[in-house]
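*Asks:* If you want the building blocks of each chain, they are given just below.
There are 2 protein chains.
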Amino acid sequence: MINPIDQNKLKKLAQVAVQVGLGLEKGQDLIMTAPLEAAPLVRLITREAYRAGAGLVTTLYSDAEATLARYRYGHDLSFDRSTGWLFEGIGQAFDNNAARLAISAENPMLLANEDPDKVGRANKAMSAASAPMRKRIVEFSINWNIVSYPSADWAKQVFPNDNEDVAVGKLADAIFAASRVDLDDPVAAWGEHNKVLAAKSKWLNEHNFAALHFSGPGTDLTIGLADNHEWMGGAAPAKNGIICNPNIPTEEVFTTPHATKVEGYVCSSKPLSYHGTLIDNIKARFEGGRIVEATASVGQEVLTKMLDTDEGARSLGEVALVPYSSPISQSGTLFYNTMFDENAACHIAQGQCYSKCFKDSESISEEQVKANGGNSSQIHVDWMIGSAETNIDGIKQNGDLVPVFRKGEWA
Amino acid sequence: MINPIDQNKLKKLAQVAVQVGLGLEKGQDLIMTAPLEAAPLVRLITREAYRAGAGLVTTLYSDAEATLARYRYGHDLSFDRSTGWLFEGIGQAFDNNAARLAISAENPMLLANEDPDKVGRANKAMSAASAPMRKRIVEFSINWNIVSYPSADWAKQVFPNDNEDVAVGKLADAIFAASRVDLDDPVAAWGEHNKVLAAKSKWLNEHNFAALHFSGPGTDLTIGLADNHEWMGGAAPAKNGIICNPNIPTEEVFTTPHATKVEGYVCSSKPLSYHGTLIDNIKARFEGGRIVEATASVGQEVLTKMLDTDEGARSLGEVALVPYSSPISQSGTLFYNTMFDENAACHIAQGQCYSKCFKDSESISEEQVKANGGNSSQIHVDWMIGSAETNIDGIKQNGDLVPVFRKGEWA
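Just so you know, the protein sequences line up as chains A and B, in that order.
The numbering of the first sequence is the working numbering, which starts it at 1 and goes up by one.
The numbering of the second sequence is the working numbering, which starts it at 1001 and goes up by one.
For the record, the hints were derived by calculation from the structure and aren't laboratory data.
These numbers were taken from a predicted model, which means no experiment stands behind them.
Fair warning: there could be bad hints in the mix.
What the hints assert, rightly or not - Heads up, simulated DSS-like pairs for lysine-lysine below, C-alpha to C-alpha not over 25 Å straight-line:
#	chain 1	residue 1	chain 2	residue 2
1	B	K1370	B	K1135
2	A	K118	B	K1026
3	A	K170	A	K156
4	A	K26	B	K1026
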């Protein structure tokens, strides 16, 4: 049998993850998380990290079979438990400057047939327990990165009409293309791409919009932006001074909305894969920054539980602009994976904001983030609202309108 | 291809691990450690644990490839690092009553060709960092267990003349037999076996020996026993009240020697597999409880580094009695794995003592352990000294001699 995954490109992906994604510095420890299926990429990244001078590389593996065993055989009390001890340990490692790399390869439908109540409780317990880890990520304390690996269960969801080997090969190629490792010099290509994203961010920051107005089929939404918000995209320095690209791939520029200044209605333009379940055709209405009404044709119960996670779950923590012509969008592939689908469409995120998306983010306090209108929550869930029909106007501080997107493209 | 591992017996091993090994209680979380190769057993144990009412089962996988990558590509500074953050997290979970299960399946020769200096430094860093975890284990705070899985790399070391499938099948059968899962009712068989070990412990405790004198080819060693020492073997209650069998298999009864009262010379009767390297033909001389001279025909440098780990590494933390007729010994197989080889021969351990091997161990303090002559160290390394020629006399408090072993068997 021929391995359907191009091993040379997989090796390049490991190099991009370490050099571009993390910018790993000599002496830094690295904590990796990955599903068992991604072990081949874990091993390549481990080598690259040691070659780059890593202190110690530690991988925490997850296993879909173990997750399912919990749902199939677990006692009811299991679903309110999480591994707080592990997340606290990770937080401690981050405080000692460990870098963080996540390999995304999950089966997007793993939990689709499980009891939504248990799924919701398990997600809530995990969100609460993972706060010590999430805090350092949203505050951008250390360099971090997410890359993807084409697992069989994921590939079969994306390419259901192909046999497994063909599906894995196709998903591998799509990941490699989106991650720019099909190019001769991926590291240089990422340098160029980062420049383009930086220019877009600069333009938006110069305008210092008070709000963005999104319109399109089923959407008429005004998103007030947080005071002192800053647009970002591509490479950025973490608080430890290391420049990294948190997402591979990335096509977005993004900033912080105002937690209480979002009004109107909006519908999702792609399905959302959320912790192993699917939520599709979301229609939401915002008042005073919060979702006051939300329906979904698929996954209604999980959506409601997600929005009820905590006080901040119904407000926005991110708005991101992605042209409809982005390479991932043009591939026409629905990945059922937010890392990819969010880079094929403009999107918003429920929940926690990124404190790096503020002016003077190096020194900003939690209180200042809140005073600026930044939202806080135990969740951060991106969902896609952009399409070929999306128009966006920037509303300046004096009320003037500036076209930002027309028909899904930069105006 | 037919899987060389009998899946029905593997399932029984998972049941024995959870029911006999751990005695897992409803609501207890479980932390498992395992090499990637052992994933099939991890999954079966995960199911059994959830069936038994486990809270949350979390597995921390290790990967031989990642370990080797560190030696092949790692910067020199890497070898003084360890994952203190993870061991502290595990210690915290134990304080919240999580149970602990380790699956042993390592290639005993993994690091045989690596730089002994780096191996020694990495072991030392790991020993220091893992103190928060080890402390709860040696104090028997929570129920814990070790079982084994027949990985290919291990099987090839044990049966070097067989092809991989045959070797794995043979090792699997040897593990199943030693773990009593080849019997119709393994749980009942363990109940009977635990009674036999308890009777031996009782006999030794009633004699309350001041010391044991070992003699045999190359051996003339007097091991003073700690004050208030207690012999144990088989099932025992952890401080959380749960009765568990920490080792599957186990054939030993064991207690705590006195850290300063060991005199004479002793030679090893089997090779010692130590963190992926082999140490063979150890000859050691004790004075005042400490090894003052030690040689090995293989692994001399790693042995010396191990003995130099800390102040307590040259003194004994355990002495254990195993008849030469034990099933594992009779199999004639050298497993290169302490879990098995120590249950085929009388053995002693360098380093940390078990505080459970004292009278009133429920409430004994670190200071009392020390005052009784219990040793403390960052290591606990068992090595085999018993053979078919071993004679042991118990020396009573009044100086009288009582035959304990003759020609390797209970007298």
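*Asks:* Could you run down the list of hints and mark each one as holding or not?
*Replies:* Here is what the structure says about each hint:
With a C-alpha separation of about 15 Å, the suggested pairing of K1370(B) with K1135(B) holds against the 25 Å cut-off. Between K118(A) and K1026(B) the alpha-carbon distance is near 18 Å, which keeps this suggested pair within the 25 Å criterion. Annotation: proposed proximity of K170(A) to K156(A) holds, straight-line Cα distance about 10 Å (limit 25 Å). Between K26(A) and K1026(B) the CA atoms are separated by roughly 46 Å; this puts the pair beyond 25 Å, and the hint is violated.
Figure legend: structure checked against the earlier numbered hints; the only hint not met is number 4.
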